[in-house]
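Asker: Spelled out, the chains give:
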Amino acid sequence: NAGVTQTPKFQVLKTGQSMTLQCAQDMNHNSMYWYRQDPGMGLRLIYYSASEGTTDKGEVPNGYNVSRLNKREFSLRLESAAPSQTSVYFCASVPPNEETQYFGPGTRLLVL
Amino acid sequence: AQKITQTQPGMFVQEKEAVTLDCTYDTSDPSYGLFWYKQPSSGEMIFLIYQGSYDQQNATEGRYSLNFQKARKSANLVISASQLGDSAMYFCAMREGQDDKIIFGKGTRLHILP
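Line order of the protein sequences matches chains A and B. Each number in the numbering used here corresponds to the 1-based position in the first sequence with 911 added. So in the numbering used here, spot 99 of the second sequence is number 94, and the numbers just go up one at a time.
Please keep in mind that the hints were generated in silico from the structure rather than gathered at the bench. Some hints could be false.
[Said to hold, decoys possible] Okay, derived cross-link-like pairs now, DSSO-like style, lysine-lysine, Cα gap no bigger than 27 Å in a straight line:
no., chain 1, residue 1, chain 2, residue 2
1, B, K96, B, K68
2, B, K11, A, K968
3, B, K65, A, K982
4, B, K65, A, K920
5, B, K96, B, K65
6, B, K68, B, K(-2)
7, A, K982, A, K968
8, B, K(-2), A, K968
9, B, K96, B, K11
10, A, K920, A, K968
11, B, K96, A, K982
12, A, K925, A, K982
13, A, K925, A, K968
14, B, K(-2), B, K96
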């Protein structure tokens, strides 16, 4: 039981490059989330998914796409990275009938 | 409009003193949930405590308690007998209604002084 895993841990991109951040949970959770954390801004919700096959926009969805193809995985894609997307990205999941969010260790992304 | 407000960017507290971290929220939904998380310098997010809007009593978990004042829309975290290991960022978060959307405040950085 690895909990919530995120890959990669660290990534450097050039402006305009694309990449996908991967998140997986092995706890059979329904809801999954992507947040970005910037100094002084707290955690801001990018997208979330209440169940397999469904996704919803959060507070800051522009510049991102997500995919929830199965219950276990929730990926975040940057089609054309911008320096403003330099951040730490956290994935989280919530078990059914519970309230606690379980967080992954984060992905540190630097866009040059 | 900001839905979760944490007005204290930073706090310094003497070890063993009690600490209150402020959180106010804004929602018109009668059903909601409020959370507190701790983020130490290592970066991981640690769940501390949860309060449902219909819960009759304030939530408590060990040294953590949530001072829930519904009419004021505040959900302050109280840490009793603070320890050096309590130094961290603390985030308040809210889930509205039956939506799965959970949003966070900007956080308060707590420093415990020896």
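Asker: Against this structure, judge whether each hint is valid.
Answerer: Each hint tested on the structure:
no.: 1; hint: B:K96 <-> B:K68; verdict: holds, 19 Å
no.: 2; hint: B:K11 <-> A:K968; verdict: violated, 42 Å
no.: 3; hint: B:K65 <-> A:K982; verdict: violated, 35 Å
no.: 4; hint: B:K65 <-> A:K920; verdict: violated, 40 Å
no.: 5; hint: B:K96 <-> B:K65; verdict: holds, 20 Å
no.: 6; hint: B:K68 <-> B:K(-2); verdict: holds, 11 Å
no.: 7; hint: A:K982 <-> A:K968; verdict: holds, 18 Å
no.: 8; hint: B:K(-2) <-> A:K968; verdict: holds, 16 Å
no.: 9; hint: B:K96 <-> B:K11; verdict: violated, 36 Å
no.: 10; hint: A:K920 <-> A:K968; verdict: holds, 24 Å
no.: 11; hint: B:K96 <-> A:K982; verdict: holds, 17 Å
no.: 12; hint: A:K925 <-> A:K982; verdict: violated, 32 Å
no.: 13; hint: A:K925 <-> A:K968; verdict: holds, 26 Å
no.: 14; hint: B:K(-2) <-> B:K96; verdict: holds, 12 Å
Comparing the model with each numbered hint stated earlier shows that hints 2, 3, 4, 9, 12 do not hold.
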